[in-house]
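Q: Chain A is already provided as a structure; the job is to place chain B on it using the hints.
Those protein sequences? They're chains A and B, same order as listed.
Under the working numbering, residues 1 to 404 are what the first sequence spells out, in order.
Under the working numbering, residues 1 to 404 are what the second sequence spells out, in order.
Do not rely on the hints blindly, as some may be mistaken.
Just so you know, same-sequence chains aren't split out, so a pair can sit in one copy or run between any two.
[Unchecked claim] In the BS3-like style, the derived pairs of lysine-lysine whose C-alpha atoms are separated by at most 25 Å in a straight line are: (1) 400 - 234; (2) 251 - 226; (3) 284 - 363; (4) 234 - 43; (5) 290 - 43; (6) 43 - 233.
Bear in mind the hints are in silico, worked out from the structure with no lab data behind them.
All values reported here derive from a predicted model rather than from experimental measurement.
Listed below, chain by chain, are the residues.
Number of protein chains: 2
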Amino acid sequence: MPNLIIGQSGGPTAVINASLAGAFSAAKEKGIKTVYGMQHGIKGFLRGETVVLDEILGSDENIELLKRTPASFLGSCRFKLPDVDGDCEIYEQIFSRLHALDIGYFLYIGGNDSMDTIKKLSEYASIVGSDVKFIGVPKTIDNDLAVTDHSPGFGSAAKYIATVVRELVCDCRVYDVEAVTILEIMGRNAGWLTASAALARSRDCEGADLIYLPEKPFDEEEFIAKVRTLAAKKHSVVVVISEGIRTADGKLLCERGENDSSVDAFGHKIMSGAGKYLETSIRKRIRGIKCRSVELSTPQRCASHFASLTDINEAFAVGAEAACAAVSGESGKVVIFVRKSDSPYECATELRDVHEIANVERKVPDEWICDGYVTDDVVRYIRPLIQGELSPIIEDGVPKMIRL
Amino acid sequence: MPNLIIGQSGGPTAVINASLAGAFSAAKEKGIKTVYGMQHGIKGFLRGETVVLDEILGSDENIELLKRTPASFLGSCRFKLPDVDGDCEIYEQIFSRLHALDIGYFLYIGGNDSMDTIKKLSEYASIVGSDVKFIGVPKTIDNDLAVTDHSPGFGSAAKYIATVVRELVCDCRVYDVEAVTILEIMGRNAGWLTASAALARSRDCEGADLIYLPEKPFDEEEFIAKVRTLAAKKHSVVVVISEGIRTADGKLLCERGENDSSVDAFGHKIMSGAGKYLETSIRKRIRGIKCRSVELSTPQRCASHFASLTDINEAFAVGAEAACAAVSGESGKVVIFVRKSDSPYECATELRDVHEIANVERKVPDEWICDGYVTDDVVRYIRPLIQGELSPIIEDGVPKMIRL
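Just chain A, same shape as in the assembly (with noise of 0.2 Å):
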């Protein structure tokens, strides 16, 4: 029997390692002899940089303690092959490693820029006859995979920010002075985690007043008449964005304003600020108002101390699924979810075309969004997905972590 190799690649997520330990585990239980683990993605294992896990995961509570750490543990790169079609020197390289080592499966956990990678080896491992399996392992916070309906490390991110949500709900309440809290949200251009603030409110608290989604266009003016309606009745206005809005003519809004944005190996821009500008419009807009931009920044995809149990348990799900895929023959594969029921929540997993997921990017339907805010459906949707926690290992007052 052959070996196994894994990469991580792209953004981390609080549960991403979680897959990390399905795969290894279920790959030592299928009787695989060596699991390597490849450090910075692609870009590393081009280097030569693998890891043998036997020994560093071989544990139980080496396992807990992964499922527990957030970020990347075998380390992440952004990095995109060029088409197969193309010059080919790269995958000989791949190729070639691979053979070296004697690995037959080939799984690869990350979002869209990943499964691409995915989807490329596979392509050209057909071409040369090669018959190292490949399967892709979703993660991502942002839940723009398409097919699959929903990604391992969305529900934890969901579940920070709705709680978040609430306490920062409670917090700007205390003083009674007319205050506009704005809170900016992680998400280029699928809205789903601007969107999970909804499951902040409910008997116990109000949660936000507004929330406002890149999907649909946003329109400074309604924004601003609705603040000052909404201010009007209460003292304390949350509204929550998502970083990526934009106006009607597709500019983002934090483009609007004098901050600078640069952009990432991907090419993605990097994006800060929308929060700071409506801040600053509010200012000078609505005279005598107290109004303040808090962005829930990087805490948002690794806090694992307060991690779902639910995605936890469905990340190493979808790890496993994957290794089992390869070792039975599967190539140019995804691990998806398929939702048989919201209540009782019921998911199974299902494995499907890389084809089909790479490139594609899935957004909040239309009918989910309202005047700024979101429907029920979403409430519907996310609510399974942040349910349970995994108590953290605690050591002098933090949690424990492993670190390679």
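A: Just chain B now, with coordinates in the frame of chain A:
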């Protein structure tokens, strides 16, 4: 037996309501018939905004929820009473309201400015021969109250910061590109919160590389040199700074940038931007390095989902002690902590004259601050305060709260 009233003032914390729970519970145990809450502190009290707490808090379930609900349950204010020897109209108004409700005991949960309120009200009571007893209950995430070993609220903020710094350190190191991350922590003048980032470091986490408190002048040239040296050795450099760091001329770093600043109701500067300023500075001066800044922002003071159990218990205890002290005839006093031992941690409550405490700011000792980091004294001092967790009561996947 006369009635008792409790108020909350100043910035909220994750455990300020545990003090309210403790005060309420002890007052009822002492046989006080009616326990009033003032809404929005003394400012609301002056407008007659009081609420009877007996029914609202009269169940074990609600007390448990209150201990887990962040921010000031009763609302808060930032309001400083005039000097007692000046215009007395406001004092007459307060005492006439106290008389109307047959209040004999007045507890005020707050920070430095709130202890000033207790000082002035007890002074006025002496002058006019009133036998209303005034007791202060300390709270502040900043830990800047004098005389007491530490303040309730700090331990939970420190636990949250240490935890989030650990998670962010994991997140920051996933890519193999040279990157500097700057984490900006709350703290105008006292660096206790920023110092608590040192608790992130342990066998399984390298923690932050540099820590800068507002107590020592910040030298930008030295800082850039240090970052350069670190970046040559490791790919991810994490720097934790206080929002209040200043250059040797006393100028706030955030005032050096183009960020506008404003003042709150106490005339304190509202600051943000030291992290942003340094981010820009590093980008300009260290070519090719990736740099971003993250403000930990408001969640630092309201993350009750991961509060310190030690802090909750101590907050409850100071509230209870204050009620007992008032009933036993004490006035013009504050409940403080005296630490007997670090390990095993032993800490007792004591009463001190409010004059010793009000308007004095306690900073991190000079000898606990070293060149770009803090000494082990910081860890020894803070570690016991972050021990233990009180599981949130979860409903629908998010922590349940109680609302007035």
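Q: All hints are to be evaluated individually against the structure, with a verdict given for each.
A: Consistency of the hints with the structure:
{"no.": "1", "hint": "400 - 234", "in the structure": "between (42 Å within a copy, 23 Å between copies)"}
{"no.": "2", "hint": "251 - 226", "in the structure": "within (21 Å within a copy, 39 Å between copies)"}
{"no.": "3", "hint": "284 - 363", "in the structure": "neither (33 Å within a copy, 37 Å between copies)"}
{"no.": "4", "hint": "234 - 43", "in the structure": "between (53 Å within a copy, 18 Å between copies)"}
{"no.": "5", "hint": "290 - 43", "in the structure": "between (48 Å within a copy, 18 Å between copies)"}
{"no.": "6", "hint": "43 - 233", "in the structure": "between (55 Å within a copy, 21 Å between copies)"}
In summary, the structure is inconsistent with hint 3 from the numbered list given earlier, while agreeing with all the others.
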